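From first to last, the protein sequence lines are chains U and D. The opening residue of the first sequence carries number 29 in the numbering used here; numbering runs sequentially from there. The opening residue of the second sequence carries number 2 in the numbering used here; numbering runs sequentially from there.
Hints were generated in silico from the structure; no laboratory data involved. A quick note: this is a predicted structure, and the numbers were derived from the prediction, not measured. Be careful, since some hints might not be right.
Stated by the list, open to error - As a list, the in silico DSS-like pairs of lysine-lysine whose alpha-carbon atoms are at most 30 Å apart:
no., chain 1, residue 1, chain 2, residue 2
1, U, K212, D, K34
2, U, K124, D, K144
3, D, K419, D, K144
4, U, K199, U, K177
5, U, K212, D, K419
6, D, K419, U, K234
7, U, K215, D, K136
8, U, K199, U, K230
9, U, K230, U, K215
10, D, K148, U, K230
11, U, K199, U, K167
12, U, K237, D, K342
13, U, K237, U, K175
14, D, K148, U, K234
15, U, K237, D, K44
16, U, K199, D, K351
17, D, K34, D, K351
18, D, K134, U, K215
19, U, K234, U, K75
20, U, K237, D, K134
As the list claims (entries may be wrong) - Here are the in silico distance ranges between beta carbons for each label pair:
no., chain 1, residue 1, chain 2, residue 2, range
21, D, F272, U, I35, 38 to 44 Å
22, U, K271, D, Q41, 56 to 62 Å
23, U, D163, D, E249, 27 to 33 Å
Cβ atoms here follow ideal geometry from the backbone N, Cα and C, with glycine treated the same way.
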Amino acid sequence: MSEKLNIEVPTMAEMIARGEEPEILFWVGCAGSYDERAQKTTRDICKILHHVGIKYAVLGTEESCTGDPAKRAGNEFLFQMQAMTNIEVLNGYNIKKIVTGCPHCFNTIKNEYPGLGGNYEVIHHTQLIQDLINDGKLKAEGGESFKGKKITYHDPCYLGRGNGIYEAPRKALEVLDAQLVEMKRCKSNGLCCGAGGAQMFKEPEKGNKDINIERIEEALETNPNIIAAGCPFCMTMLSDGVKMKDQNQNVQVLDIAEITVRANGL
Amino acid sequence: MISQILFIAITLAAIALFSFNLKKVIRNIRIGKAADRTDQPQKRLMTMIRVALGQSKMVVRPIPAALHFVVYIGFVIINIEVLEIMIDGMFGTHRVFGGLGTLYNFLIGSFEILALGVWVGCAIFLIRRNILKLKRLNSPELKGWPKSDANYILITEILLMTAFLLMNAADAKLQALGAHHYVTAGSFPVSQFLQNLLPGSESSLIAIERGCWWFHIIGILAFLNYLPYSKHFHILFAFPNTYFSNLEPKGEFTNMQSVTNEVKAMLDPSFTPVEGEAGRFGAKDVNDLSWVNLMNAYTCTECGRCTSVCPANITGKLLSPRKIMMDTRDRMEEVGKNIDKTGAGFEDGKSLIDDYITREELWACTSCNACVEACPINIDPLAIITDLRRYAVMEESQAPASINAMLGNIENNGAPWKYSPADRLNWAKEN
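Use the sequences and the hints to build the structure in full.
Rendered as structure tokens:
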């Protein structure tokens with residue numbers, strides 16, 4: 029379970045220079061690129077892609093913010109500037125299919141880029157994992173056993189309500205032979221972690237509680253060993269919540285990609 | 002004969018007044034900007050049938066769903082009775098459908114049972130609001146008129162159902178007495194128990210029967226004319242509102258064509274802009290919103306399912322999606338009254354942002370779509386919040402300092418944090 033990434037991560041530029049084309053572009057996203065905790069998920073997604081032998085590439089330094097936080101904050105100009113610049117890069121590389129570890133990037137590229145000239149098949153990494161499991165290319169063997177562990181999954185708003193994806197992440201957890209427990213508010217009724225709509229980048233308004241505390245209390249009610257996440261921003265909010273509740277010794281917050289990597293000993 | 006003329010006059014007046022007010026409401030909705038919601042008519046129709054007619058989104062909360070369903074079905078079906086009342090009123094007949102025999106008896110019997118259901122349902126609703134004081138039904142934004150509005154509606158429905166049952170009780174008694182004009186028709190499974198409360202004399206019974214008949218029909222016509230002033234408008238607007246609701250994934254926000262024009266012109270000088278509405282970026286006031294947003298506001302029945310699932314509201318923030326809808330309607334009606342008084346183009350110096358909806362409310366939203374998901378008739382408070390934010394950010398450059406810093410970072414570094422674009426791939430190298 030080394031944190032080290034012993035594999036080469038190919039960039040699009042390198043691939044094109046070699047005269048090759050990837051099957052899929054891995055859109056890393058800003059959090060996945062810079063946030064220390066999310067970087068780990070990013071490396072794990074690479075490990076999965078490498079393990080199953082999918083030919084992939086990243087944009088590396090050619091990638092830029094999708095514009096999601098700008099758009100949710102109300103700056104449509106900045107959003108469209110970012111979008112059109114990114115679309116130019118993506119179309120320039122003739123990208124057809126994209127996987128991303130961030131539900132916000134996922135939603136933006138999938139739903140908001142087509143109107144600006146960017147048409148791609150976009151999937152979230154939990155959907156990729158689900159597909160690989162369905163195709164028998166990915167199992168849960170050779171690594172850590174999650175048998176009997178209690179796992180509760182927190183639906184990211186932009187994956188769940190935003191795009192109706194509730195089953196893929198759960199499917200990725202079902203193969204673990206773990207005990208999946210749902211929070212009171214789950215799926216279409218799931219409670220936000222508090223980070224969306226550009227809240228991640230500001231202090232909350234005056235109130236009597238932070239949203240992530242409200243959410244983590246609900247998650248802890250299920251008495252979990254693991255809280256599973258599928259979004260780097262949820263990851264931050266939930267991890268902070270667990271720390272605030274002094275539960276970080278007992279409860280782990282893990283991305284579905286991390287759990288998959290561990291279960292397969294990658 | 003006089004009563005027939007009176008009946009026709011009252012009915013025509015009520016319909017005329019309602020049309021007049023409905024026209025005003027439609028004019029107010031048209032203050033909003035254009036938005037195309039005519040694509041996929043079949044899918045729209047199915048959405049309307051499922052969500053409005055079938056009330057599919059109500060079932061999330063089974064108790065109010067069951068009560069609401071009884072009141073809804075009762076109200077719709079008992080209105081078949083109105084058809085008979087209309088014919089009787091115009092032609093001076095009595096129970097004109099009585100000739101249908103068994104079928105008629107079955108219908109009247111069903112109406113009575115439904116009427117009892119509506120009566121009990123409304124009584125429980127009143128208890129929930131005023132005695133149990135459910136949190137969702139006692140939020141700060143409901144103080145004053147909205148609370149009274151809700152109670153008036155419930156009390157009126159109880160009175161209408163009471164009148165209907167008392168009318169039947171008196172009628173049945175008159176039928177038994179063999180009173181002239183009172184043909185033997187109908188079955189009275191509920192109102193039979195009210196018969197003992199009524200006097201025995203024919204003249205008093207006729208007075209009660211006629212009194213209730215007039216009260217019932219005038220009550221319905223008055224109720225119709227109350228709708229444009231009330232949250233109860235949802236009984237009509239639920240249908241167009243669900244038909245024209247958003248069919249795209251909830252996570253998708255609209256791309257502003259006006260911005261696309263500017264950005265494309267900036268990136269490519271030879272670009273010719275697509276025709277679109279110029280004007281303000283985002284919404285300062287109701288006329289900057291789309292007609293769909295404004296129709297949403299008239300449709301809202303202030304049930305508060307949105308607010309009760311809003312993460313900001315749950316954690317004590319000022320934001321309440323229900324209040325966003327109520328404020329939008331209040332402001333729209335104010336603008337409408339201004340137009341009535343002084344014609345279009347009149348500025349009263351007020352706006353939806355600040356005078357109705359504060360910045361603190363706007364910036365508390367996480368855009369999580371819980372409110373949109375929770376609305377039983379597909380109202381979208383998030384669309385309004387987003388448009389108001391767009392105005393604050395693009396027209397006024399007024400956002401919280403940390404938001405401005407984040408926007409600055411995206412502009413300069415291509416990431417919401419202050420990291421160098423050159424370091425974007427470091428995660429793959431350093432371990």
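Outcome of the hint check:
1. The hinted pair formed by U/K212 and D/K34 fails the criterion: a straight-line CA distance of about 40 Å is larger than 30 Å.
2. Using a Cα cut-off of 30 Å, the hinted pair U/K124 and D/K144 is violated, with the two alpha carbons roughly 54 Å apart.
3. Distance hint between D/K419 and D/K144 is unfulfilled; the C-alpha atoms sit about 46 Å from each other, more than 30 Å.
4. The straight-line distance between the Cα atoms of U/K199 and U/K177 is roughly 16 Å, inside the 30 Å bound, and the hint therefore holds.
5. For the given pair, U/K212 sits about 37 Å from D/K419 by alpha-carbon distance, which is inconsistent with the 30 Å threshold.
6. Restraint check: the Cα-Cα separation between D/K419 and U/K234 comes to about 26 Å, which is no more than 30 Å; the hinted pair holds.
7. For a cut-off of 30 Å, the pair hint linking U/K215 to D/K136 stands: about 24 Å separates their Cα positions.
8. Between the alpha carbons of U/K199 and U/K230 the distance comes to roughly 34 Å, so the proposed pair goes past 30 Å and is violated.
9. Using a Cα cut-off of 30 Å, the hinted pair U/K230 and U/K215 holds, with the two alpha carbons roughly 26 Å apart.
10. Distance restraint check for D/K148 and U/K230: the Cα-Cα separation of roughly 35 Å exceeds the 30 Å cut-off, and the hinted pair is therefore not satisfied.
11. Restraint check: the Cα-Cα separation between U/K199 and U/K167 comes to about 11 Å, which is no more than 30 Å; the hinted pair holds.
12. Between U/K237 and D/K342 the alpha-carbon distance is near 46 Å, which puts this suggested pair outside the 30 Å criterion.
13. Note on U/K237 and U/K175: the hinted pairing is violated, with a Cα-Cα distance of about 35 Å set against a maximum of 30 Å.
14. Between D/K148 and U/K234 the alpha-carbon distance is near 27 Å, which keeps this suggested pair within the 30 Å criterion.
15. Between U/K237 and D/K44 the CA atoms are separated by roughly 41 Å; this puts the pair beyond 30 Å, and the hint is violated.
16. For the hint pairing U/K199 with D/K351, the CA-to-CA distance comes to about 52 Å; that exceeds 30 Å, so the pair is violated.
17. Note on D/K34 and D/K351: the hinted pairing holds, with a Cα-Cα distance of about 19 Å set against a maximum of 30 Å.
18. With a C-alpha separation of about 29 Å, the suggested pairing of D/K134 with U/K215 holds against the 30 Å cut-off.
19. Taking the CA atoms of U/K234 and U/K75, the gap is near 42 Å; set against the 30 Å cutoff, the hint is violated.
20. The straight-line distance between the Cα atoms of U/K237 and D/K134 is roughly 23 Å, inside the 30 Å bound, and the hint therefore holds.
21. With their beta carbons about 43 Å apart, D/F272 and U/I35 fall inside the hinted range of 38 to 44 Å.
22. The beta-carbon spacing between U/K271 and D/Q41, approximately 47 Å, falls outside the hinted interval of 56 to 62 Å.
23. For U/D163 and D/E249, the hinted distance range of 27 to 33 Å is satisfied, since their beta carbons lie about 30 Å from each other.
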